[in-house]
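Participant: Chains as they are written, first to last, in UniProt numbering: chain A, 1 to 205; chain P, 1 to 331.
It is possible that some hints are incorrect.
So, partial list: chain P residues that the calculated Cβ filter (under 7 Å) puts toward chain A [what the hints assert, rightly or not]:
hint, residue
1, V24
2, D25
3, E97
4, Y295
List of simulated lysine-lysine pairs, DSS-like, C-alpha gap at most 30 Å [as the list claims (entries may be wrong)]:
hint, chain 1, residue 1, chain 2, residue 2
5, P, K186, P, K282
6, A, K72, A, K12
7, P, K67, A, K76
8, P, K186, P, K67
9, A, K93, P, K149
10, A, K93, A, K76
11, P, K67, P, K282
12, A, K195, P, K83
13, P, K92, A, K12
14, A, K173, P, K48
15, P, K92, A, K72
16, A, K195, P, K153
17, A, K76, P, K282
18, P, K83, P, K149
19, A, K93, A, K12
20, P, K205, A, K93
21, A, K173, P, K92
FYI, nobody ran anything at the bench for these hints, they're computed from the structure.
Where a beta carbon is used, it is the ideal one built from N, C-alpha and C, also for glycine.
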Amino acid sequence: MKSPPTVGQRDKVVHVSALNEYVYCPRRFYYQRYHDEIGTPYELVDGRSKHQNQSNRGGWITERYFRADELKLHGKIDLIESEGGVFTPVERKRSESGQYYPSDEVQLTGYCMLLEAALNEPVNVGYIYLYSTDERHAVRITDRHRRTVREIITRIEEMSVGSIPPLTDNPEKCEACSAREYCMPAETARLEPEKAAGTGWEDEI
Amino acid sequence: MKASEGMYDEAVLFVTRQGSQVQVDGGRIVVWDVDGDEGRLASRPIEKVDTINVFGGVNFSTPFVAKANEHGIVLNYFTQHGKYRGSFVPEKNTIAEVRRAQYALSDDAELEIAKAMISGKIRNARTLLSRKGVHGTEVLKDLGVRTEKATSKDDLRGTEGEAAERYFARLDETLTDGWTFETRSKRPPEDHINSLLSLTYVFMKNEVLAALRQYNLDPFLGVLHADRHGRPSLALDLQEEFRPIFCDAFVTRLVNRGAITHDDFRTDNRLRDDAFDTYLSKFDDYMQEEFTHPYFEYTVSRRKAIRQQAILLRKVITDELDDYHPLTFDR
């Protein structure tokens, strides 16, 4: 049995969902982490209710929490498919566009790594299920994926409240971002243009 | 650019009906006439509301208070005539990192923020007078320049006082026949116009307080107003730039358009009950009214613009922006 985390440890492990948040936009992640300032996006509320509807199907393992101190990672896997002794995590996404994003792949990799650590055997495939198309995509988890996750964990560990990440390099992401009202990317670019220098917002104003 | 539509317009709820109770019904806030037989008086989605102001004999049901805590809704209590009595503040309404940054502000940093706020206020005072056709306000312009050179808070307070005096001396010219503004008087306001100004400053202070609380700044630790127990100094500081352009403009509109007349006042210069209700609904409408933002070039409601200023203030405090950028109107 693992001993409960100490005060120091608890803040040091990274939640798998943070991987996705960080890849989407480090600045948005910063607001969420230090300022509790991301609002509640419609997608999340909608996704939650869909999770609730679908989490009772038979044969699958649902809502299982994992923690791997050696990876500095923890998180809850909403759905694990088990077939012939093979366990495969499933990450479900709302995705109106009908596609999944690199950040979703990173998140799925995080789940696979957690599962690997718990089972002590490799988990080389995960699924991304998209509600919008009712399709399930198999993702082969490579060493490159795992390296990416480790790098992001390191970057998240190195974050500090005193240094805010720059505005995103892709302003299109801001369109759907629930932190936009607080982040004020366009407004920042207008009020203090030097703060937008070198970001995707530099030429937007 | 666009601002999200209607984001904060329904954020503040005013409840004045005596004997009513605020309850929760599924995902909605419901004001119920428990003493009378009118049933449901108003209802709003709980997600949209962040502040509820109640006046006099209005109750909150216990399940509602639990929900308010969960959703971060601040409850402000006033007497029936609008005197502030206290607040219920949800437990999550403190982000340690923001508070740390606010408490760690240096004297110089505070002075810089305060200078921007007061210079914004003086700019807006000139703009309001000029909109109303009052000219010859160069002295205000000079005082605005002087704020930028202030070397201490006392120095800045002095300039602000002089500007206020000059400004109020001309405010009379903006009023329609039958209304005069002699001099600014408070505690108690000595005439109807001063009474309306005082009331509006109180309501604006509450708007600003709600905005600061929403973004987890401590409204009681100011950058210019001196510390005094129970005084929301930071709210008073942030309110400065809005006083002429939003508060005084609102009061002149109320009297110039005849929405409030001398008959609406009691002998102690307070509004009669029904006139107070009229006032409140006009104030709320005014907060929701939209204008073209002078720098962002989209339309925003006044309420949202005030919240944006709270965000901008927080961004200077947390070192995300270099300067405080007051909301100023050049014309």
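Participant: Determine for every hint whether it applies to the structure shown.
Facilitator: Hints and how they fare:
1. With its C-beta approaching chain A no nearer than about 18 Å, P/V24 sits outside the 7 Å limit, and its interface hint is violated.
2. Hint status for P/D25: violated, given a least beta-carbon distance of 19 Å to chain A, over 7 Å.
3. The closest approach between the C-beta of P/E97 and any C-beta of chain A is roughly 5 Å, which is under the 7 Å cut-off, so the hint is satisfied.
4. Interface restraint check for P/Y295: the shortest CB-CB distance to chain A comes to about 6 Å, inside 7 Å, so the restraint holds.
5. A hinted pair counts as satisfied when its Cα atoms are at most 30 Å apart, and P/K186 with P/K282 qualifies at roughly 23 Å.
6. Proximity of A/K72 to A/K12 is assessed by CA-CA distance (about 7 Å); at most 30 Å being required, the pair is judged to hold.
7. At roughly 26 Å between alpha-carbon atoms, P/K67 and A/K76 fall within 30 Å of each other, so this suggested pair holds.
8. For the given pair, P/K186 sits about 38 Å from P/K67 by alpha-carbon distance, which is inconsistent with the 30 Å threshold.
9. The suggested pairing of A/K93 with P/K149 is violated, with an alpha-carbon distance near 56 Å, which exceeds 30 Å.
10. Distance check on the hinted pair: A/K93 and A/K76 sit about 15 Å apart at the alpha-carbon level, within 30 Å; holds.
11. Restraint check for P/K67 and P/K282: the C-alpha separation of about 29 Å stays at or below 30 Å, so the hint holds.
12. Pair hint A/K195 plus P/K83 does not hold up; C-alpha atoms about 42 Å apart against a cutoff of 30 Å.
13. Restraint check: the Cα-Cα separation between P/K92 and A/K12 comes to about 22 Å, which is no more than 30 Å; the hinted pair holds.
14. Of the supplied pair hints, the one linking A/K173 and P/K48 holds, its CA atoms being roughly 24 Å apart against a limit of 30 Å.
15. For the hint linking P/K92 to A/K72, the alpha-carbon distance of about 27 Å falls within 30 Å, and the restraint holds.
16. Note on A/K195 and P/K153: the hinted pairing holds, with a Cα-Cα distance of about 29 Å set against a maximum of 30 Å.
17. Restraint check for A/K76 and P/K282: the C-alpha separation of about 50 Å exceeds 30 Å, so the hint is violated.
18. Distance check on the hinted pair: P/K83 and P/K149 sit about 37 Å apart at the alpha-carbon level, beyond 30 Å; violated.
19. Proximity of A/K93 to A/K12 is assessed by CA-CA distance (about 27 Å); at most 30 Å being required, the pair is judged to hold.
20. For the proposed pair P/K205 and A/K93, the alpha carbon gap of about 43 Å is over 30 Å, so the pair is violated.
21. With a C-alpha separation of about 28 Å, the suggested pairing of A/K173 with P/K92 holds against the 30 Å cut-off.
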